[in-house]
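In order, the protein sequence lines correspond to chains G and P. All you need for the working numbering is the position in the first sequence, starting with 1, plus 454. All you need for the working numbering is the position in the second sequence, starting with 1, plus 3.
These aren't lab readings, by the way, just hints derived from the structure by calculation. For every residue, glycine included, the Cβ atom is placed at its ideal position computed from N, Cα and C. The reader is advised that the hints may include incorrect statements.
Stretches of chain G that chain P covers, calculated by requiring three or more beta carbons in the stretch to come under 8 Å of a beta carbon on chain P [said to hold, decoys possible]:
no., stretch
1, 457-463
2, 492-498
3, 512-524
4, 530-540
Label pairs and their computed distance ranges (CB to CB) [said to hold, decoys possible]:
no., chain 1, residue 1, chain 2, residue 2, range
5, P, Ala427, G, Thr465, 18 to 26 Å
6, P, Lys383, G, Ala547, 48 to 56 Å
7, G, Arg494, P, Thr424, 46 to 54 Å
8, P, Pro53, G, Phe518, 43 to 51 Å
9, G, Arg540, P, Trp100, 48 to 56 Å
10, P, Trp201, G, Ala547, 45 to 53 Å
11, P, Lys58, G, Pro515, 31 to 39 Å
12, G, Ala529, P, Val101, 50 to 58 Å
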Amino acid sequence: MTPTNLLLTATLLGLYVLCGGAYGTCYTLGQVQGWRLCARLTPGLYAFQVAIMLAVVFLTPLAFAWKALILVSTAAYAVIPAITLRYLRGLHAGEET
Amino acid sequence: MVSTGAPIRAQQLGLRYFVASMVLFGLLIIAGMLAATQYVNPNFLFPVLPFSILKILHINTMILFLLLAFIGSIYWLLPDEFGSDLVGIRVAELLFWVLCAAIVVVAAVFVFVQIGPANETTLWFVNQGRKYVEAPRWAALGIVAVVGCFVWNIVGTAIRTRRVTGVTWVLMLDLIPLFGLYLFAFPAITNVSVDQFWWWWLVHFWVEATWEILIGCIIALALMQILRARREVVETWLYIEVALVLGTGVLGIGHHYFWIGPPKYWMGIGGFFSALEPLPLLGMVIHAIYDAGTHRMETTNHPAFFWLLAEAFGNFLGGGMWGFMITLPQINLYAHGTQWTASHGHFAFWGAYGCGVICVMYLALQKQRGGAPFTGNTWKWAFGLLNAGMLGMVGALLVSGMAQTFFERAIGGSTFNAYITAQAQPWFLEGIYMREVFGLVFTAGFFVLAWDLLTIGRRVTVTRLEGAPEGTVTATGPLA
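Full structure from sequences and hints, please.
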């Protein structure tokens with residue numbers, strides 16, 4: 455790993471998680487608050503996270519196992535907001551009625 | 004509910020713990036700012052108060068600030084949960100003053116004695132030498148006594164009242180490792196790898212396991228008061244959180260074992276489970292947004308609610324994002340122990356715990372001051388200054404840390420010469436200067452917070468309408 459690759463890889467990993475958080479936040483705001491802008495941004499943010507994942511896979515010298523882990527994590531990030539929200543709605547159903 | 008009037012003894016003790024905790028918060032900021040100034044001007048206060056001592060003061064007051072706030076939160080919240088004052092509260096009151104005196108003595112020894120002859124006398128009376136648990140053995144025994152009494156207060160009350168809820172079960176089970184792990188502070192192991200191996204059990208399992216569960220229990224109890232959330236909802240979420248945090252956090256200890264001598268397989272284990280740690284934090288962010296959305300911010304305690312939201316986001320960013328940048332072994336080889344780690348540590352502690360305990364302080368004060376809605380602008384200034392200051396500090400440290408990692412570790416090969424070279428790099432220095440600036444912003448935020456905690460809700464005359472439920476109040480006079 456070269457010094458430049460080191461900084462690039464770490465920065466991409468940080469941005470990867472940040473995008474995951476932004477995607478989850480926007481998805482939830484779009485669903486719960488009905489904010490259209492957030493709802494529109496949601497797919498774009500996830501696409502950006504996928505793009506960062508591809509950059510990690512193709513541009514960084516991380517070992518294959520870590521790249522595979524990030525690939526699987528990207529799938530997990532896609533469904534976590536929806537699953538969590540569905541579960542929360544079920545859990546809070548008694549309160550909302 | 005125990006009462007709606009004056010706080011009972013455990014709750015009064017909880018308030019005292021909050022006061023002590025805030026004093027320590029102030030001291031940790033002073034020590035941190037002095038240490039930060041020494042990065043800018045290495046001769047500052049040298050040799051009267053060297054960096055090594057200021058760092059000890061900074062991180063130990065941080066641990067005690069949070070620990071005392073946790074204990075205060077539990078003493079405040081549990082009487083309502085048990086429907087009773089706590090067992091053995093008189094001993095707890097006595098031990099509180101003993102603990103305060105011990106903290107003063109230990110701090111004085113750190114400042115005025117500083118080092119010992121590096122024998123048993125030093126271990127017992129000056130400094131045990133391990134980061135985060137430097138307190139000499141006599142003081143560490145005192146902490147064991149206080150935590151032991153704390154466990155007795157809770158378990159004894161549960162036995163006496165026979166009223167154990169899901170939250171209190173989780174809390175009591177969590178107290179076993181919380182108490183037991185601190186005992187790792189005592190052995191003086193001469194093999195540094197073995198010593199570090201067990202020392203990380205104390206540090207990691209406190210910070211990324213038992214404390215996470217403790218703050219989870221505290222927030223669960225707080226949510227029932229702030230948002231009037233249903234118990235079954237809160238408890239179900241607490242069980243899920245505990246499972247996820249332990250599922251990723253326990254073996255996540257491996258990220259501390261990369262470079263201290265344990266077998267190589269810890270790299271795979273530590274990297275894998277650490278990489279999963281942001282996922283439950285994302286779930287917490289979603290839950291926080293969901294709660295904020297469905298309740299439409301309808302709460303009588305906006306400061307507590309906003310600090311609760313800050314905790315969810317701060318935990319995700321500080322622990323999740325900042326941690327993920329440096330947790331994989333190939334990166335961590337170069338980044339560990341640099342300002343990058345310091346950046347992650349500051350953000351994660353603040354997000355995961357600092358914001359949470361401030362939330363509970365506001366909650367306790369609202370009840371103590373009559374239950375009037377907390378409005379006004381002072382808390383917003385405190386919230387803004389503290390969080391902007393923290394974001395600025397961790398951003399500045401991130402820049403310095405990246406420069407240090409690049410020049411000292413990756414290019415320079417971690418030699419002493421490379422260390423000195425990296426310390427003189429403009430990118431490193433600019434980060435260090437900006438940390439000082441944002442440290443001042445954070446300090447200003449602390450003073451505003453302290454002022455707000457002292458005054459909020461005091462200038463309100465409250466009359467509860469006859470027959471109205473608790474929390475429904477008519478406030479007359481200016482709102483603080």
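Which numbered hints does this structure break?
Going through the list in order, the structure violates hints 2, 6 and respects the others.
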